[in-house]
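Asker: Work out the full structure: start from the sequences and follow the hints.
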Amino acid sequence: MSCIAVQNLISQYLDGRLEGAEAELVRCHVRECADCAQDFQDSQFLSRLLKENLDLPEPPKDLPESVIRTVERDK
Amino acid sequence: MLLKKRRPKQQRLPEPVEQRPIFRDPRNFSLVVEKYQTIVFRYVFNMVHDYHQAEDLTQEIFAKVYRFLPSYNAKYPFSAWLLRIAHNHAVDYTRLRRLQTVPYEAVANEDSVAEDHSVFVAPESVGPDEVSQRKFIQDAIYALPVDNRAVIVLRYLEGVKLEEIAYILGIPLGTVKSRINRARLVLQRALAQAFLERSRR
Ligand SMILES: [Zn+2]
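Protein chains in written order, with the numbering used here: chain Z, 1 to 75; chain Y, 1 to 201.
Hints listed in this document are in silico derivations from the structure and should not be mistaken for laboratory results. Virtual Cβ for every residue (Gly too), placed ideally from N, Cα, C. Incorrect hints may appear among the rest.
[What the hints assert, rightly or not] Incomplete in silico selection of chain Y near chain Z, CB under 10 Å:
no., residue
1, 27
2, 30
3, 34
4, 37
5, 41
6, 60
7, 66
8, 158
9, 159
10, 160
11, 164
12, 178
13, 182
14, 184
15, 186
Answerer: Structure follows, in structure tokens:
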């Protein structure tokens, strides 16, 4: 597995979205490759930092209706 | 769709169903909005850091998406295509706003509007120390230039693949990587500084 392929999968790995075999590939690669190990650590740290500290507001309830109104008006 | 290529296994969307003629009916298009509103709204909010502005921009973005729907070619996931439109729209807005009135520093530090909104009231279980630490970290993130914040948010918050980030932002893959590294360094330095100052008090 290439480094870029591994780095693409790291966030999915961290979110628990990877299946067994693929998760194992990521784990193996990260154990052997210093670059990807660093990326793994950084990803772990920054994902948590962002998820725990950024405000992630929900969109307003009537958003879909407002969009449809705009779209119909512009038609 | 003749150009349909085999896509990698980790595909968030199996088929570009959103492009089906049925969604040309505005009433059905609202299903598309419902499905993607959270990711688009969240992204835009993190770009402009203002709830009401994010609301207006998200509406405009989906109106654009509706118009552009026939040009979506399924080379990238629908969510990436949406985020590309959202990013361009949000960036156009921030540039315009900066040109019109607000000096750069004010844009970078503007967070008073968002704080008025009830969504941002901290849960009662969170002590005052945690609130100010949260604020510290937010300030560091929102002080990043929009381009750098975009890569950080896409990569670490939304977990978007590097190639898709390149497509969303319209930059080469190499630039994505260097921008992520730079943003990461800036953020880590800002945080280290912030924690150092706090521990001295
Ligand atoms: Zn590697």
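Asker: Next, verify each hint and record whether it holds.
Answerer: A quick look at each hint next to the structure:
The criterion of a C-beta within 10 Å of any C-beta in chain Z is met by residue 27 of chain Y, whose closest approach is roughly 7 Å, and the hint holds. A cut of 10 Å between beta carbons decides the hint on residue 30 of chain Y: the least distance to chain Z is about 4 Å, and the hint holds. Interface hint status for residue 34 of chain Y: upheld, as the beta-carbon distance to the closest one in chain Z is roughly 5 Å, under 10 Å. Interface hint status for residue 37 of chain Y: upheld, as the beta-carbon distance to the closest one in chain Z is roughly 5 Å, under 10 Å.
The beta carbon of residue 41 of chain Y comes within 4 Å of a beta carbon in chain Z, closer than 10 Å, and the hint placing it at the interface holds. Interface restraint check: residue 60 of chain Y against chain Z, minimum CB-CB distance 8 Å, threshold 10 Å, status holds. Annotation: residue 66 of chain Y was flagged as interfacial toward chain Z, and the flag holds, the nearest CB pair being 5 Å apart, inside 10 Å. Residue-level restraint check for residue 158 of chain Y holds (minimum Cβ-Cβ distance to chain Z is 8 Å; threshold 10 Å).
Against a cut-off of 10 Å between C-beta atoms, the interface hint on residue 159 of chain Y holds, since the closest Cβ of chain Z lies about 3 Å away. Annotation: residue 160 of chain Y was flagged as interfacial toward chain Z, and the flag holds, the nearest CB pair being 8 Å apart, inside 10 Å. The interface hint given for residue 164 of chain Y is met, as the beta carbon of that residue sits about 9 Å from the closest beta carbon of chain Z, less than 10 Å. At about 14 Å, the closest approach between the beta carbon of residue 178 of chain Y and any beta carbon in chain Z exceeds 10 Å, and the interface hint on this residue is violated.
Evaluation of the residue 182 of chain Y hint against chain Z yields a violated restraint, the C-beta minimum of about 13 Å exceeding 10 Å. At about 6 Å, the closest approach between the beta carbon of residue 184 of chain Y and any beta carbon in chain Z falls short of 10 Å, and the interface hint on this residue holds. Checking residue 186 of chain Y against chain Z by beta carbon gives a least distance of about 12 Å; that is not within 10 Å, so the hint is violated.
Of the numbered hints stated above, those contradicted by the structure are hints 12, 13, 15, listed in ascending order.
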